[in-house]
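The chain contents come next:
2 protein chains.
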Amino acid sequence: MSEPLTVTDAADPRLSDYTDLTDVELRRRREPAEGLFIAEGEKVIRRALAAGFRMRSMLLTAKWLGVMGDVIAEADAPVHLVEPALAEQVTGYHVHRGALASMERKPLPTAAEVLTGARRVAVLEGLVDHTNLGAIFRSAAALGMDAVLLSPDCADPLYRRAVKTSMGAVFSVPYARLDPWPAALGTVREAGFELLALTPSGAEDFTAARPHLLPRAALMLGAEGDGLTPKALAAADQRVRIPMAHGIDSLNVGAAAAIAFYAVNHG
Amino acid sequence: MSEPLTVTDAADPRLSDYTDLTDVELRRRREPAEGLFIAEGEKVIRRALAAGFRMRSMLLTAKWLGVMGDVIAEADAPVHLVEPALAEQVTGYHVHRGALASMERKPLPTAAEVLTGARRVAVLEGLVDHTNLGAIFRSAAALGMDAVLLSPDCADPLYRRAVKTSMGAVFSVPYARLDPWPAALGTVREAGFELLALTPSGAEDFTAARPHLLPRAALMLGAEGDGLTPKALAAADQRVRIPMAHGIDSLNVGAAAAIAFYAVNHG
Chain A
1 MSEPLTVTDA
11 ADPRLSDYTD
21 LTDVELRRRR
31 EPAEGLFIAE
41 GEKVIRRALA
51 AGFRMRSMLL
61 TAKWLGVMGD
71 VIAEADAPVH
81 LVEPALAEQV
91 TGYHVHRGAL
101 ASMERKPLPT
111 AAEVLTGARR
121 VAVLEGLVDH
131 TNLGAIFRSA
141 AALGMDAVLL
151 SPDCADPLYR
161 RAVKTSMGAV
171 FSVPYARLDP
181 WPAALGTVRE
191 AGFELLALTP
201 SGAEDFTAAR
211 PHLLPRAALM
221 LGAEGDGLTP
231 KALAAADQRV
241 RIPMAHGIDS
251 LNVGAAAAIA
261 FYAVNHG
Chain B
1 MSEPLTVTDA
11 ADPRLSDYTD
21 LTDVELRRRR
31 EPAEGLFIAE
41 GEKVIRRALA
51 AGFRMRSMLL
61 TAKWLGVMGD
71 VIAEADAPVH
81 LVEPALAEQV
91 TGYHVHRGAL
101 ASMERKPLPT
111 AAEVLTGARR
121 VAVLEGLVDH
131 TNLGAIFRSA
141 AALGMDAVLL
151 SPDCADPLYR
161 RAVKTSMGAV
171 FSVPYARLDP
181 WPAALGTVRE
191 AGFELLALTP
201 SGAEDFTAAR
211 PHLLPRAALM
221 LGAEGDGLTP
231 KALAAADQRV
241 RIPMAHGIDS
251 LNVGAAAAIA
261 FYAVNHG
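Heads up: the protein sequence lines correspond to chains A and B, in order.
Quick note on numbering: the first sequence equals residues 1 to 267 in my numbering.
Quick note on numbering: the second sequence equals residues 1 to 267 in my numbering.
Rather than coming from a laboratory, the hints here were simulated on the basis of the structure.
Be aware that a few hints might be false.
Simulated restraints, written as ranges between beta carbons of each label pair [to be verified]:
#1 B:Q89 x A:K106: 42 to 50 angstroms
#2 A:A10 x B:D179: 49 to 57 angstroms
#3 B:L65 x A:G52: 53 to 61 angstroms
#4 A:P107 x B:S16: 38 to 46 angstroms
#5 A:A62 x B:D76: 58 to 66 angstroms
#6 B:H212 x A:D237: 22 to 30 angstroms
#7 B:D179 x A:T19: 45 to 53 angstroms
#8 B:S16 x A:P230: 30 to 38 angstroms
#9 B:P230 x A:A73: 33 to 41 angstroms
#10 B:D76 x A:A10: 29 to 37 angstroms
#11 B:G186 x A:G192: 48 to 56 angstroms
Positions of the beta carbon are idealized from the N, C-alpha and C atoms, including for glycine.
Model the full assembly from the supplied sequences, consistent with the hints where possible.
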C-alpha cells in the first residue's frame with residue numbers, strides 16, 4: 001500500500017519522470033536512457049502492470065483516487081497527488097485521462113529469442129510515426145501475430161502515444177530490434193522464415209502467394225510514403241503487393257498491415 | 001487567370017470562408033450550411049479540382065505562388081495572398097501546408113443513385129471520428145469498394161481532417177446518407193445487396209461466410225468502442241466476425257474495414 005502524497009511544486013524532483021511529456025524529441029532520448037516509459041490512463045496502466053512491468057511512481061489528480069484505489073493499494077511505488085493545473089504545468093498538456101504512471105522498462109529480448117516458437121512475425125522498417133506503430137501492434141495482437149521485429153530506425157513502441165494507440169498491445173506482443181539492418185534479417189531466415197516484402201511494386205499478388213500455407217512467414221512493411229528501402233526489398237525472398245484499384249498510390253501502412261496479418265492467418 | 005490579391009486584414013470579409021478552422025463544432029455546422037468545404041495542401045486541392053469541385057477562393061502564402069502557379073492560372077475564383085502570420089490569425093493554426101482552398105459542395109446523390117451498378121459497398125454507422133472516417137475512405141478507394149453509405153450521425157467526409165486523412169479519396173468514392181436509420185437499409189437490400197454486419201459478437205467467421213462469392217455485398221461497420229447498434233445488427237442479413245486472438249477486445253475500425261474490403265474482393 002502506498003499512501004498518496006500531495007505534491008504542490010512543479011519543480012519537485014519527485015515529479016521529474018513526468019516533465020515535458022509533449023516534447024517528443026526530448027522524451028524520445030530521455031525515456032530509454034533512464035529506463036522508463038509513461039503509461040497514460042487507467043486501462044493502459046492496468047495493462048502495463050498485468051504484463052509485469054514494475055511501477056516507478058504514479059501521478060494522479062484527486063478524482064482518480066477512487067478508480068485507481070486497488071492499484072494504489074497494491075503499489076509499492078510512490079503515488080503523487082496533484083491538482084489538475086499542476087499536472088498540466090509539469091507535463092505540458094491537459095491530462096484528461098487523469099492518471100499517469102512511470103514504469104520501468106524490461107531488457108529487450110533478442111530477435112532470436114522472440115523468433116523461438118513463432119510462426120507469423122511482422123518486420124517493420126523505418127516506422128517513425130508513433131500512431132502508425134501503435135496501430136500495427138494493436139492489429140498484430142488482435143490478429144494473432146507472434147512477434148514484431150523492428151529496424152533500428154523504427155520509433156519506440158513504449159513511447160506514450162504508441163502505447164495509447166496500441167491499447168496496450170505493445171505490452172503483450174513480443175518485439176525485438178534487428179540490428180545491423182538489413183543484415184540481421186539473416187537471423188529471421190535462419191529461423192526458418194520466408195521473408196515476404198509488402199510493396200506496391202511487388203511482382204506477385206499477396207493472395208496468390210498463399211502466405212497462409214507457409215510454415216513460417218515474416219511480413220515486411222515499410223513506412224508510409226517511401227515504403228521499404230531497396231536494400232530491404234533486396235533482402236526479401238518474395239516481393240508481393242496487395243492489389244489496388246486503378247489510380248490509387250497506396251494504402252495507409254496500418255491498413256496494409258491489418259490485411260497482411262489477416263491473410264497470413266486465414267488465407 | 002486570377003491575379004493574386006494581397007489581403008492584410010484578418011477581418012476582411014474575403015477571408016471569411018477560412019476563419020476559425022480549428023473550431024470543429026463551429027465548422028461542422030457552418031460548412032454544410034454555407035455549401036463549402038476546405039481543401040488543404042497542394043495535393044488535396046488538385047484532387048478536389050480534378051474531381052470536378054468548383055473553387056470559391058484560395059488562400060496562400062507567397063512561397064506557394066510558384067508551386068500553385070498553374071492552378072492559379074486556371075482559377076476563375078479569387079486568390080488571396082497573405083503573410084503566414086495572418087493565415088494563422090484567421091484560421092487559428094499554423095498552416096504549414098501553405099495553401100488552402102474553399103471549395104463548393106455538390107449536391108449529395110441519393111443512396112439509390114450510388115447503389116446503381118455497385119457490387120461492393122461499405123455501410124458506416126456512427127463514425128464520428130474524422131480520422132477514422134478518412135482512413136476508411138482511403139482504404140475503400142484503394143481496395144475497390146464502389147460506394148460508402150453513411151448513417152445520419154456519421155461525420156462529414158468533407159471536413160478538413162477527413163479529407164486530409166483520406167488523401168482525397170472522399171472526392172472519388174461515391175457516398176450518400178441512409179436516412180431514416182436503420183429503415184433506409186431497406187434501399188440497400190432492395191438493390192440486391194446482402195447486408196453483412198461486422199461485429200466481434202458475430203456468430204460466423206467472416207472468411208467462412210465467403211463474402212467474395214456474393215454478387216452484391218454491403219459491409220456494415222460501427223464506431224470504435226460501441227460498434228454497431230442493436231437496431232443496425234437486427235437489420236443485417238448476417239452477423240460476422242473477424243476472428244481475433246484470445247483476450248483482445250477488438251480491432252481499430254479502420255483496420256477492420258481494410259480487412260473486410262480486402263476479403264470481400266479477394267476471398
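Hint check for P230 (chain A) and S16 (chain B) - Cβ pair distance inside 30 to 38 angstroms:
Roughly 49 angstroms apart at Cβ, these two residues miss the hinted range, so it is violated.
Can you let me know if the beta-carbon spacing of P107 (chain A) and S16 (chain B) is within 38 to 46 angstroms?
With a Cβ separation near 58 angstroms, P107 (chain A) and S16 (chain B) fall outside 38 to 46 angstroms, so the hint is violated.
Can you let me know if the beta-carbon spacing of A62 (chain A) and D76 (chain B) is within 58 to 66 angstroms?
60 angstroms, holds
Determine whether the Cβ-Cβ distance between H212 (chain B) and D237 (chain A) falls within the hinted range of 22 to 30 angstroms.
27 angstroms, holds
Per the hint of 53 to 61 angstroms, is the separation of the Cβ atoms of L65 (chain B) and G52 (chain A) within bounds?
57 angstroms Cβ-Cβ, so the 53 to 61 angstroms window holds.
Is it true that the C-beta distance of D179 (chain B) to T19 (chain A) lies inside 45 to 53 angstroms, as the hint says?
50 angstroms, holds
Determine whether the Cβ-Cβ distance between Q89 (chain B) and K106 (chain A) falls within the hinted range of 42 to 50 angstroms.
48 angstroms, holds
At the C-beta level, are A10 (chain A) and D179 (chain B) separated by a distance inside 49 to 57 angstroms?
For D179 (chain B) against A10 (chain A), whose Cβ atoms are near 51 angstroms apart, the range 49 to 57 angstroms holds.
So the hint says 48 to 56 angstroms: do the beta-carbon atoms of G186 (chain B) and G192 (chain A) match that?
At roughly 53 angstroms between Cβ atoms, G192 (chain A) and G186 (chain B) fall inside 48 to 56 angstroms, so the hint holds.
Would you say the C-beta atoms of D76 (chain B) and A10 (chain A) sit inside 29 to 37 angstroms of each other?
55 angstroms, violated
When you take the CB atoms of P230 (chain B) and A73 (chain A), is the distance between them in 33 to 41 angstroms?
38 angstroms, holds
Violated hints, listed in ascending order, are 4, 8, 10; each of the other numbered hints is respected by the structure.
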